[in-house]
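Undergrad: Taking the hints as your guide, dock the two standalone chains into a single complex.
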Amino acid sequence: DTGVSQNPRHKITKRGQNVTFRCDPISEHNRLYWYRQTLGQGPEFLTYFQNEAQLEKSRLLSDRFSAERPKGSFSTLEIQRTEQGDSAMYLCASSSLAGGPRITDTQYFGPGTRLTVL
Amino acid sequence: AQTVTQSQPEMSVQEAETVTLSCTYDTSENNYYLFWYKQPPSRQMILVIRQEAYKQQNATENRFSVNFQKAAKSFSLKISDSQLGDTAMYFCAFMKHVGSGGSNYKLTFGKGTLLTVNP
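Going line by line, the protein sequences match chains A and B. The numbers in the first sequence follow our numbering, run straight up by one, and end at 118. The numbers in the second sequence follow our numbering, run straight up by one, and end at 119.
Calculated directly from the structure, the hints in this document are not laboratory data. Hints may be right or wrong, so weigh each one.
Coverage of chain B stretches by chain A, computed from C-beta distances (three or more under 8 Å per stretch; other residues unrestricted) [claimed, not checked]:
(1) 43-55
(2) 105-113
Short derived list, chain A residues pointing at chain B, Cβ under 8 Å [as the list claims (entries may be wrong)]:
(3) Arg22
(4) Tyr33
(5) Pro43
(6) Tyr48
(7) Gly72
(8) Asp105
(9) Pro111
Computed list of chain A residues with no C-beta within reach of chain B, every gap over 12 Å [as the list claims (entries may be wrong)]:
(10) Lys11
(11) Ser27
(12) Thr76
(13) Glu78
(14) Gln84
Glycine included, C-beta positions come from ideal geometry on N, C-alpha and C.
Chain B with its partners taken away, still in its complex shape (with noise of 0.2 Å):
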């Protein structure tokens, strides 16, 4: 079974600071699919970024960015030039790659870590 753990429960950055949250995980599994997903207040998910196992590219979208280190099963977000509209909970999540046999398809999310955005 594949955990996924965020040991950072809360953080707080100043507006257009940087900031990084955490995510490690553990599977057995070669094949994957790594994910943040955002959760505003009272607000639904939201896909932020997505990385497949299989590249070694780190991927970015605009002002998000990961740190995907696969031999330490660690998946880090990079939010750069931090906006208001970033305060959320950030949820890290673990999906297997379609074909690796099993359970297929659903996501294991960790606990999530709050973001505060300070103006």
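Okay, chain A solo, but in the shape it has when bound (with noise of 0.2 Å):
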């Protein structure tokens, strides 16, 4: 058990360009969340998965963003066409269901990746 990871853990890149970031889950955790953070507010729910499936998108989740699980572990989330709003901390986090490694329905956290748009 290695927590979650996220690459990069910083990113920039100039306006128009399209980044992808990766978050692979603890082991065995089925369900996995990305998150967005400015600075100065608390995270904020883009998308989540269970297994391999996306089961519910944030409205802040323009057409500009899309996220897959394609095998049931690690995720990507991509952003076409970067804004200077875009720029944020994304954070990735999983959970287990009952019978997993650590609490139960309990979201843990990676160290996020850093985007700068410019």
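TA: Here you go:
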């Protein structure tokens, strides 16, 4: 159990470019979540997966955002045609059903990917 | 929709003293979880403590304890014997209980309280 990992930790890009972030959840955690956190604010929910199925998307997730979890393990979050307003910390978290590692139904967070759009 | 309010943007406390962070929430749900997370400067979000709404007993984790008042929709965090390493942003968060229908599992966070522990 090595915790949730995210790559890259920092990403600087120019407006209009596409970026992709990766999240590796805690092993055996079947739920995976993406949040966005802007400076001085609490994280805001973007989307979540149960296994490979994307079960909910926030209205914050515009058409330029897409998330996948193809094999029910790691997940990717892609932002197309980035805008300066996309600059934020993107957090990934995972959780398990009863019997999984760590406390049931409790989300454990990764270190985040800080995106800066110039 | 649920809302979480943390009315203290910043607080400070002397090392070894006790401090209480406030959190109130609004929900029509009866079954839910409440959490306190800690986010040290430039470091990742760490779970501090969790409370199930159906449990009347307040949760405790070593120096951290909560005062959960369900009727008042209040969930404060008490940190005893404060340490320099407790300096961090603290977030209160709400989650519906599994099986309560609708948008399960997502966390709704407050805006956070920046706690500084002074030597």
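Undergrad: Decide, hint by hint, whether the structure agrees.
TA: Hint check:
| no. | hint | in the structure |
| --- | --- | --- |
| 1 | 43-55 | holds (count 6) |
| 2 | 105-113 | holds (count 8) |
| 3 | Arg22 | violated (16 Å) |
| 4 | Tyr33 | holds (7 Å) |
| 5 | Pro43 | holds (5 Å) |
| 6 | Tyr48 | holds (6 Å) |
| 7 | Gly72 | violated (16 Å) |
| 8 | Asp105 | holds (6 Å) |
| 9 | Pro111 | holds (4 Å) |
| 10 | Lys11 | holds (16 Å) |
| 11 | Ser27 | holds (18 Å) |
| 12 | Thr76 | holds (19 Å) |
| 13 | Glu78 | holds (20 Å) |
| 14 | Gln84 | holds (22 Å) |
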